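Peer 1: Heads up: the protein sequence lines correspond to chains A and B, in order.
Counted the way our numbering counts, the first sequence spans residues 2 to 377.
Counted the way our numbering counts, the second sequence spans residues 605 to 991.
Hints are computed from structural coordinates only; laboratory data are not their basis.
Worth double-checking, as some hints may not be accurate.
To be verified - Far from chain B by the CB rule (all over 12 Å, computed), these chain A residues:
| id | residue |
| --- | --- |
| 1 | Pro28 |
| 2 | Asp72 |
| 3 | Thr191 |
| 4 | Ala272 |
| 5 | Tyr275 |
| 6 | Gln352 |
| 7 | Thr360 |
Unchecked claim - Straight-line alpha carbon distances no greater than 20 Å define the calculated SDA-like cross-link-like pairs of lysine to any residue that follow:
| id | chain 1 | residue 1 | chain 2 | residue 2 |
| --- | --- | --- | --- | --- |
| 8 | A | Lys313 | B | Pro881 |
| 9 | A | Lys313 | B | Lys651 |
| 10 | A | Lys313 | B | Ala971 |
| 11 | B | Lys651 | B | Glu617 |
The structure presented is a predicted model; accordingly, all values stated were derived computationally and were not measured.
Quick reminder that beta carbons are idealized off the backbone N, C-alpha and C, glycines included.
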Amino acid sequence: MAVLTSFSAEGEAFREGMRRFFTEHSPLSASRIPEGDVAGLPEYWRDFASLDLLSIGLAESGAAAATSLADVIPLYLEMGRALAMSPHMASAIIATHVISELASTDDHASLVSDLVSGARVVVPALGEVECPGPLLAYATSAERTQHGWTLSGEKVLVPYAHVASHLLVPARTGDGLTAFLVNTTDLELTYMPNVSRLPLFRVRFDGVVVNDSHRLGEVATAGPAFQKALDRASVLRAAEIAGAGEYLQEICVEYGQSRQQFGTPIGTYQAVQYLCTDIAIATRVTLLLALQAAVRIDNGEPYQRELAATMKFAKRAAGVTVSRAQEVHAGVGFMDEFDLHLFTRRSLYWQSELGDDETSASALIAAYSAAGVDHE
Amino acid sequence: MDMRLGHEAWREEIAEFLDKELPVGSEFDPEFCEDEDRWSFAFEFTKRLGAKGWIGLTWPEEYGGLARSPTEKFILLEELGRREAPFINMIGWGLAAGTLLVGGTHEQKLRFLPPIGRMETFWAEGLSEPEAGSDLASLRTTAVRDGDGWKINGDKTYTTWGSRADVLYVAARTDPSAPSHRGISIFCVGTDLPGVSISPLWNIAGGRQNQFHFDDVRVAGDMLIGETNKAWRYLMAAFYSSGPTYLPHAQYERKVTLLNAYCQETRRNGRFLVDDPVVRLQLGELGTIVEVERVLAYARLSAVESGDTTSWDGTLQAVVTKENRLRFAEITNEILGSFAQLSVSEPLAAADGEVAEWYLRSFGNHAGGTSQVKRMQLATRGLGLPR
Numbered sequence: 002m003a004v005l006t007s008f009s010a011e012g013e014a015f016r017e018g019m020r021r022f023f024t025e026h027s028p029l030s031a032s033r034i035p036e037g038d039v040a041g042l043p044e045y046w047r048d049f050a051s052l053d054l055l056s057i058g059l060a061e062s063g064a065a066a067a068t069s070l071a072d073v074i075p076l077y078l079e080m081g082r083a084l085a086m087s088p089h090m091a092s093a094i095i096a097t098h099v100i101s102e103l104a105s106t107d108d109h110a111s112l113v114s115d116l117v118s119g120a121r122v123v124v125p126a127l128g129e130v131e132c133p134g135p136l137l138a139y140a141t142s143a144e145r146t147q148h149g150w151t152l153s154g155e156k157v158l159v160p161y162a163h164v165a166s167h168l169l170v171p172a173r174t175g176d177g178l179t180a181f182l183v184n185t186t187d188l189e190l191t192y193m194p195n196v197s198r199l200p201l202f203r204v205r206f207d208g209v210v211v212n213d214s215h216r217l218g219e220v221a222t223a224g225p226a227f228q229k230a231l232d233r234a235s236v237l238r239a240a241e242i243a244g245a246g247e248y249l250q251e252i253c254v255e256y257g258q259s260r261q262q263f264g265t266p267i268g269t270y271q272a273v274q275y276l277c278t279d280i281a282i283a284t285r286v287t288l289l290l291a292l293q294a295a296v297r298i299d300n301g302e303p304y305q306r307e308l309a310a311t312m313k314f315a316k317r318a319a320g321v322t323v324s325r326a327q328e329v330h331a332g333v334g335f336m337d338e339f340d341l342h343l344f345t346r347r348s349l350y351w352q353s354e355l356g357d358d359e360t361s362a363s364a365l366i367a368a369y370s371a372a373g374v375d376h377e
Numbered sequence: 605m606d607m608r609l610g611h612e613a614w615r616e617e618i619a620e621f622l623d624k625e626l627p628v629g630s631e632f633d634p635e636f637c638e639d640e641d642r643w644s645f646a647f648e649f650t651k652r653l654g655a656k657g658w659i660g661l662t663w664p665e666e667y668g669g670l671a672r673s674p675t676e677k678f679i680l681l682e683e684l685g686r687r688e689a690p691f692i693n694m695i696g697w698g699l700a701a702g703t704l705l706v707g708g709t710h711e712q713k714l715r716f717l718p719p720i721g722r723m724e725t726f727w728a729e730g731l732s733e734p735e736a737g738s739d740l741a742s743l744r745t746t747a748v749r750d751g752d753g754w755k756i757n758g759d760k761t762y763t764t765w766g767s768r769a770d771v772l773y774v775a776a777r778t779d780p781s782a783p784s785h786r787g788i789s790i791f792c793v794g795t796d797l798p799g800v801s802i803s804p805l806w807n808i809a810g811g812r813q814n815q816f817h818f819d820d821v822r823v824a825g826d827m828l829i830g831e832t833n834k835a836w837r838y839l840m841a842a843f844y845s846s847g848p849t850y851l852p853h854a855q856y857e858r859k860v861t862l863l864n865a866y867c868q869e870t871r872r873n874g875r876f877l878v879d880d881p882v883v884r885l886q887l888g889e890l891g892t893i894v895e896v897e898r899v900l901a902y903a904r905l906s907a908v909e910s911g912d913t914t915s916w917d918g919t920l921q922a923v924v925t926k927e928n929r930l931r932f933a934e935i936t937n938e939i940l941g942s943f944a945q946l947s948v949s950e951p952l953a954a955a956d957g958e959v960a961e962w963y964l965r966s967f968g969n970h971a972g973g974t975s976q977v978k979r980m981q982l983a984t985r986g987l988g989l990p991r
């Protein structure tokens with residue numbers, strides 16, 4: 002069993018490079034979006050392309066292997082630290098993967114090229130009102146018509162829909178899921194005000210007509226491609242949470258060393274030490290879990306148990322790290338001018354992206370119920 | 605301790621008042637609200653409470669009060685909390701009035717209490733400083749004798765409602781040579797006095813707190829409450845004798861009712877949330893928080909009624925209430941899942957977007973000291989563990 006607990010020299014160099022990149026292009030202040038404003042595509046999006054960061058979600062093809070998930074984790078650690086606001090997860094990781102895996106026409110291939118070059122953005126429309134987590138279509142459906150397909154339903158919490166040329170929409174067709182590319186100019190996008198001030202949208206598909214050429218892959222076969230993309234995304238989301246946790250750990254230690262009350266640094270108090278170590282434990286374990294899941298995915302090994310544990314733990318870590326950091330910082334942490342609340346806000350979004358505990362529990366129970374608990 | 609409060613006729617009288625004076629839709633939590641229309645309503649509502657004598661419900665009649673019991677005040681706060689009535693000026697009728705009643709001269713009580721009781725003066729606290737938060741006794745603002753008055757210099761921070769206040773309740777050091785908490789006095793400082801300047805500090809819940817700077821602010825001699833260097837004793841006595849200024853269990857009752865209704869109406873993954881066994885456990889935990897807060901509030905009431913000023917129940921309650929604030933928001937977010945992040949004006953947000961506000965507000969749980977400091981006090985003074 003391959004165990005990865007740290008990065009190679011190249012991985013560390015990549016991480017350092019990305020930290021410099023985000024310090025220059027996306028400092029924490031960039032995530033301070035005034036209430037009522039909607040964040041757009043970041044200016045560094047084309048820089049992402051030139052650094053080959055928009056191709057890392059490409060599915061394995063005859064010509065090229067998929068990018069190692071473990072090699073992408075350093076990027077997401079730094080995105081978490083920087084609270085970077087971009088459609089990278091949605092477009093480069095999820096949509097690019099699904100489209101490249103299911104592409105069957107020249108137009109689809111051309112779209113993939115545009116996604117990799119940064120010329121276009123496509124985001125997945127996954128959440129639904131009765132099924133708001135990152136699960137696949139529950140109620141949105143597609144019916145074949147003479148001219149193509151008619152979609153019906155509503156998607157919620159769609160990230161960056163306003164900068165996307167298309168939405169990647171899984172819809173129920175009969176007993177399976179089919180993937181469609183829907184031109185956003187045909188859609189009404191409604192911004193959903195949220196605590197993180199992220200650009201999340203509601204989209205209704207009341208009789209939206211889609212040409213059959215915008216169907217990706219065979220009918221009712223898109224499920225596995227979406228699931229694979231979402232599994233990879235969940236690992237990276239956990240890495241993002243760990244990256245944020247590392248930053249929170251640093252500022253808490255610094256505050257514990259510098260803030261004095263009752264004549265001594267507050268870090269000398271066991272209560273504060275417990276808070277800081279809670280963050281440290283949550284962060285380190287989240288990263289280790291993410292690395293474990295990534296390695297298994299990269300090696301083509303069974304990974305559902307490891308992924309489920311990663312999602313469950315990372316979701317809890319997202320909440321623990323910010324709540325402990327708020328407690329360490331007390332009054333100053335409650336002030337808007339202090340950056341901590343930017344992480345506190347984003348934490349709710351991250352938790353929402355990791356599914357519900359019941360799903361993770363079901364996956365873990367299934368893994369332990371199946372033959373071969375030890376599936377080495 | 606008998607937890608049956610009685611006074612049912614009083615409770616009905618309050619309900620009738622609220623039915624008349626608190627129209628549906630006018631309820632709100634004023635803690636970090638900056639909506640001016642709502643504040644105007646809150647002022648008027650509190651004035652009407654004052655017109656009935658209910659602001660100074662427990663004060664002696666000679667100071668504008670009705671000399672009613674702490675239990676009746678408790679019932680008033682319970683009913684106001686359940687209905688989310690915007691009863692403001694709690695520093696005035698709570699901390700300041702409590703200190704005046706404990707340590708103020710007769711003239712000071714006559715001067716300050718009736719206007720507070722009629723909602724004619726609005727108060728804010730000038731206690732915390734940049735270097736003195738949980739360790740309030742290390743405060744550095746000074747008050748030095750200046751003829752028959754005092755000259756105050758220093759800085760106060762995190763002053764909630766300071767921009768709306770007429771008077772600040774200021775703790776200042778009057779004897780630098782005394783041990784930290786023994787050399788502090790309390791002053792009433794008009795916010796319009798020369799030398800008082802204010803700057804805003806916006807908090808993450810959207811509320812305005814404030815930074816005050818005192819530059820040779822001269823206050824009259826009779827603005828010192830009671831005797832010099834007695835502030836700590838007055839503060840502790842006021843805290844334990846005047847009782848709470850709000851009741852968490854009453855507020856949580858309202859929230860759990862809202863969440864319960866949401867779970868009864870909202871479907872997820874093919875069933876109503878209330879039918880999800882995990883959600884049922886979580887709602888149960890929230891309901892338990894309500895009862896925990898209730899019994900702690902009753903215990904403190906019992907102590908107030910009997911004149912018991914030992915700090916055990918008060919400190920224990922402080923720890924639990926501060927930590928429950930975080931836990932309640934955390935469990936609520938777990939129930940709501942992806943929709944917990946949705947703000948006011950988003951139709952899918954629970955309780956009209958209030959829930960997202962509960963989350964951010966939950967981190968404002970450090971007033972009077974963090975729960976970690978309170979645990980240390982509980983451990984050392986309460987349990988006798990070594991310091």
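Peer 1: Against each hint, give a clear statement of whether it holds in the structure.
Peer 2: Evaluated hints:
The non-interface label for Pro28 (chain A) is consistent with chain B: the shortest C-beta to C-beta separation is roughly 19 Å, beyond 12 Å. Its beta-carbon lying about 29 Å from the closest one in chain B, Asp72 (chain A) satisfies the requirement of being farther than 12 Å from that chain. Listed as outside the interface, Thr191 (chain A) is inconsistent with that label: its C-beta sits roughly 9 Å from the nearest C-beta of chain B, within the 12 Å cut-off. A beta-carbon of chain B is positioned within 12 Å of the beta-carbon of Ala272 (chain A); the least distance is around 4 Å.
Look at Tyr275 (chain A): its CB is around 8 Å from the nearest CB on chain B, not clear of 12 Å, so calling it non-interface is violated. Against the 12 Å criterion, Gln352 (chain A) falls within the reach of chain B, whose nearest CB is about 7 Å from its own CB. The claim that Thr360 (chain A) is not at the interface with chain B is violated, since a C-beta of that chain comes within 12 Å of its own (minimum 9 Å). The hinted pair formed by Lys313 (chain A) and Pro881 (chain B) meets the criterion: a straight-line CA distance of about 18 Å does not exceed 20 Å.
Distance restraint check for Lys313 (chain A) and Lys651 (chain B): the Cα-Cα separation of roughly 51 Å exceeds the 20 Å cut-off, and the hinted pair is therefore not satisfied. Annotation: proposed proximity of Lys313 (chain A) to Ala971 (chain B) is violated, straight-line Cα distance about 33 Å (limit 20 Å). For the suggested pair Lys651 (chain B) and Glu617 (chain B), the alpha carbons sit about 17 Å apart, so the restraint of at most 20 Å is met.
Hint check: violations occur at hints 3, 4, 5, 6, 7, 9, 10; the rest are consistent with the structure.
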